[in-house]
Amino acid sequence: MDAERIYGKLERKVDQAAVKVTRSNITQVRFSNNKIDITNTWDEESASVFLAKNGRTFVFELRYEEDLERILAKALGTLEKIEKNPDFISLNDKKNTFRKKSIKGKKLMEIDGPTFVEDFIDGIRPFVKRAGGVFYKRDVEEWVKTPFNSGSERLFGVELVARTFNDSDYPVQTSIATSSDDDFDKVMSQDKELLELSRNIRNIKEGREGKFNVIFSPLCFASIVSYTVPMASAFQVDMGMSVFADRMGERLGSSSLTIYDDPTDETMFNSKTFDDEGSPTRKTPVIERGIVRSYLHNFSTASKYKTETTGNAGIVSPLPWQIAVEPGNEDVQDMIASMKSGLFINNTWYTRFQDYREGIFSTIPRDGIFYIENGEIKESWMGIRISDSLPHIYRNIEGISRETKKVKWWDETMHTKSPYVEVADVNISRSR
Amino acid sequence: MQEFVDRALDYAAGKSRFAEVRFFSSTRNAVLMKNGSVSASGYSVDAGLSFRVLNRSMAFSAINIPDWERIRSEIDRALRISEKPGRGDFSSEEPVKDKWEVGQKRRIEEETFEDRIERVKELDNLLVDKKVQMRMISLSDNIEEELNANSEGMEITSRLPKVGLFAMIGLLENGTFEQGSIEVGFSGGYEAFDTWKLDERFSHEAEVLRNAVNSKKIEEGVYDVIAGPEISGIVAHESAGHPTESDRILGREMAQAGESFIKRGDKGRRVGSSIVNLVDDPTMEHSFGYYKYDRDGVRARKRYLYKQGIINEFLSNRESAGRLGEMSNAASRSSEWDKEPLVRMSTTFIEPGDHNLDELLEGIKEGIYIKSFTEWNIDDIRFNEKYVGREAYRIRNGEIKEVIRRPVIETTTINFYSSIDAVGKDLEFSAGTCGKGDPMQGVDVWMGGPHIRLRNMSVR
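If you're matching them up, the sequences are chains S and W in order.
For the first sequence, our numbering assigns the number 1 to the initial residue and increments by one for each residue that follows.
For the second sequence, our numbering assigns the number 1 to the initial residue and increments by one for each residue that follows.
Incorrect hints may appear among the rest.
Pairs of lysine-lysine, DSS-like flavour, derived with a Cα cap of 30 Å [claimed, not checked]:
{"id": "1", "chain 1": "S", "residue 1": "K81", "chain 2": "W", "residue 2": "K371"}
{"id": "2", "chain 1": "S", "residue 1": "K84", "chain 2": "W", "residue 2": "K130"}
{"id": "3", "chain 1": "W", "residue 1": "K130", "chain 2": "S", "residue 2": "K81"}
{"id": "4", "chain 1": "W", "residue 1": "K267", "chain 2": "S", "residue 2": "K81"}
{"id": "5", "chain 1": "W", "residue 1": "K105", "chain 2": "S", "residue 2": "K205"}
{"id": "6", "chain 1": "W", "residue 1": "K121", "chain 2": "S", "residue 2": "K304"}
{"id": "7", "chain 1": "W", "residue 1": "K217", "chain 2": "S", "residue 2": "K211"}
{"id": "8", "chain 1": "W", "residue 1": "K371", "chain 2": "W", "residue 2": "K130"}
{"id": "9", "chain 1": "S", "residue 1": "K53", "chain 2": "S", "residue 2": "K84"}
{"id": "10", "chain 1": "S", "residue 1": "K35", "chain 2": "W", "residue 2": "K15"}
{"id": "11", "chain 1": "S", "residue 1": "K306", "chain 2": "W", "residue 2": "K121"}
{"id": "12", "chain 1": "S", "residue 1": "K13", "chain 2": "W", "residue 2": "K121"}
{"id": "13", "chain 1": "W", "residue 1": "K401", "chain 2": "W", "residue 2": "K130"}
{"id": "14", "chain 1": "S", "residue 1": "K186", "chain 2": "W", "residue 2": "K84"}
{"id": "15", "chain 1": "W", "residue 1": "K197", "chain 2": "S", "residue 2": "K84"}
{"id": "16", "chain 1": "W", "residue 1": "K307", "chain 2": "W", "residue 2": "K425"}
{"id": "17", "chain 1": "W", "residue 1": "K105", "chain 2": "S", "residue 2": "K74"}
{"id": "18", "chain 1": "S", "residue 1": "K192", "chain 2": "W", "residue 2": "K84"}
{"id": "19", "chain 1": "W", "residue 1": "K217", "chain 2": "W", "residue 2": "K365"}
{"id": "20", "chain 1": "W", "residue 1": "K302", "chain 2": "W", "residue 2": "K425"}
{"id": "21", "chain 1": "W", "residue 1": "K401", "chain 2": "W", "residue 2": "K371"}
{"id": "22", "chain 1": "W", "residue 1": "K267", "chain 2": "S", "residue 2": "K129"}
{"id": "23", "chain 1": "S", "residue 1": "K35", "chain 2": "W", "residue 2": "K267"}
{"id": "24", "chain 1": "S", "residue 1": "K306", "chain 2": "W", "residue 2": "K263"}
{"id": "25", "chain 1": "W", "residue 1": "K425", "chain 2": "S", "residue 2": "K304"}
Rather than coming from a laboratory, the hints here were simulated on the basis of the structure.
Quick caveat: nothing in here was measured; it's all calculated off a predicted structure.
Assemble the whole structure, with the sequences as input and the hints as a guide.
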């Protein structure tokens, strides 16, 4: 498929059109209980087409270019009849230039997925009862063509998620996602990180209810911000069901908390130089020193909110690319050592909100919930839940580490670079 | 791409101990309305070829490049990978040749975008009349067409039309906010709207939110609880359907959605009171998760997951059944053409009993009635779960009294099912999208049940 060629067949038939072609070559190896279950490979291409005519809009997805004439006829017929879309103002109508992106991932590209996983399992098997996980190698090319702009870029990265269980069947998990050879050694040493986590397992018991200081690992804090930042999409804010709605300029977190959407970090997979309507991307502070600083915009939502696009199109709904939480200046070992009583939580899942506006939610910690007393890990817990609110958690941040990690896990955690974060008085509940 | 199925199968079958080739196409239309504006109208045809080959291990590959050399090269890559060590179990099943489809009374193909927008707009207007400020309604339809063949002689073609609607709404009154959702789904055409009674449901949901913002929390304590069909459904799905998925039991999802509190040898273990029967049934007519044959080509049938409170059967596909030394019970599904088939639910429900609602209420002195839920979650072995009520009432002396706000039940699977002492004779379903797998696969399901009564539940 060719974005220019597809665009050429559309441009005279509508007022504005945007074409995005994606070609992806992905290998994934899934393993569980010390064996590879399956290797999946994808060799795919697709086009997303956005059309606007007389204030009306229509989108379609194309898998085969030869279907274009047929689908276009349907789309144009529909565009004549449906009602106007008042949310759409225009595609970005400035001629933009995009920064040059360079991927430094030669060594990562040479990794053979199944061999890497076999070696990983062989390496860790003597030390744990069982290991499972997933390895991804993604190589994606994207082209965007609009009336005003065109661009192409490559996205590349590897991801490893691994979970191990010890003899008592207590799990720990690690994740790393990178597109840079600078992280090659970290990718290769995830087994050591798992073993370090595993060494903390002792005195396994059911957890207790109450208010606890919690040190969130990068993986765990990334999960929480992964449920937060998408709510900064102007589409979500405009609908009203967002913790960011009516909070622009207000305090949502402690002054040590800054969260960016940062597509400019080229060591992460979802680094982008342009968005789906040809706007240049940029680093956008969503929360800066605890204050709600910016929503995520495309050209139309920015026009509505009388601001500039942040380069986050999605033409229908703006979306974040990849998240960066600003590191602090603490050492994680010191954070643990100075904790009088509290928890270290390594991962969480199944985050659900009962109130999007107030950010009231619960989530279920897993893969290493360590109870700390006088700076030492005393117990490993199971069966607890964080039942709290985003503003309460963000406002109660007491410490942030220097050390960060780039993670991505399944659908729970977006591509995120996060430090360890300590939060006071987190509400922990459990089954009764 | 469909024309490559036979050639790809011949090629792959000659070089593997098992090969399967599938052409699958989803033709979708969707309309999205946000606060009264049509934010998006869209159409997609998502189609391609996928294949699985089994030698020393299983490899799955998906390609949508209509070029034989590229396809052959992709098969070769999969064959090479399948020679690496790994798991290679697959149950032995009788190969079937068949064609099936679900009919439509009001055909999706004849529905225009103006029709779709009009349907959504009518519902949005209802909410506007009820002064609901935050409204997002999405209507979509999908025709799935499949040609599935394997090297053992299985060859199945199918056509499955579906219609689904999802609404998320929020109401802000005097600074207090409540949110709710409505989700319906149907296998068939737009006659779905005749069965959904959406006017009634939307009006009711708006009232529920208005009542909730003006209500108070209940005092924390131990109460008898009547749970409505929406609660029965989510509990059935989360704490009977998921934990009996045999791939979870075998650990295949261990680094994603997790495992199960149920272990391989647990059939026969009691997990609930003897009046509790949990069923998963893909053959239920017009259900959102309907299929006649699963993605492995195995004939679908009703499964009793828990029978009289005892673990009875695991959901399986050919891969997990092979590992367990069993026959598959046809739970193999994939959400799109380019996703590997996994063990999935279809329509999961608590089987009705013999009480009407008045009879359930009769026995309660101090209790609560939870009809629907908002926040919920469950741990990765499907044992510790939480349900927060959306529509909920106080019960006193057998009568439904005032509305209460967001009652919370945090309990375990075994405590929940063991606390059931009466089961209603009604049966209702709601639709949902069940997420599982990596990459994530959302598959259409129904979940449901009757009203049920639980004794001595801790509520806060």
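Going through the hints against the structure:
1. S/K81 <-> W/K371: Since the Cα atoms of S/K81 and W/K371 sit roughly 41 Å apart, the hinted pair is violated (cutoff 30 Å).
2. S/K84 <-> W/K130: With Cα atoms ~24 Å apart, S/K84 and W/K130 stay inside 30 Å; holds.
3. W/K130 <-> S/K81: holds (29 Å)
4. W/K267 <-> S/K81: violated (58 Å)
5. W/K105 <-> S/K205: Not OK: W/K105 and S/K205 at ~57 Å, beyond 30 Å, violated.
6. W/K121 <-> S/K304: holds (23 Å)
7. W/K217 <-> S/K211: holds (21 Å)
8. W/K371 <-> W/K130: holds (21 Å)
9. S/K53 <-> S/K84: Cα-Cα ~9 Å, so holds.
10. S/K35 <-> W/K15: This hinted pair holds, its Cα atoms lying about 23 Å apart.
11. S/K306 <-> W/K121: Since the Cα atoms of S/K306 and W/K121 sit roughly 28 Å apart, the hinted pair holds (cutoff 30 Å).
12. S/K13 <-> W/K121: Roughly 28 Å between the alpha carbons, so the hint for S/K13 and W/K121 holds.
13. W/K401 <-> W/K130: Cα-Cα ~23 Å, so holds.
14. S/K186 <-> W/K84: Distance ~26 Å between S/K186 and W/K84 Cα, so the pair holds.
15. W/K197 <-> S/K84: holds (28 Å)
16. W/K307 <-> W/K425: holds (17 Å)
17. W/K105 <-> S/K74: holds (23 Å)
18. S/K192 <-> W/K84: holds (25 Å)
19. W/K217 <-> W/K365: holds (19 Å)
20. W/K302 <-> W/K425: holds (19 Å)
21. W/K401 <-> W/K371: Satisfied, since the Cα-Cα distance of roughly 13 Å is no more than 30 Å.
22. W/K267 <-> S/K129: At roughly 24 Å apart (the allowed maximum being 30 Å), S/K129 and W/K267 satisfy the hint.
23. S/K35 <-> W/K267: Since the Cα atoms of S/K35 and W/K267 sit roughly 25 Å apart, the hinted pair holds (cutoff 30 Å).
24. S/K306 <-> W/K263: Measuring from Cα to Cα gives roughly 58 Å; hence the hint is violated.
25. W/K425 <-> S/K304: Given that 30 Å is the threshold and the Cα spacing comes to 52 Å, the pair is violated.
The structure does not agree with the numbered hints 1, 4, 5, 24, 25 stated previously, though it agrees with the rest.
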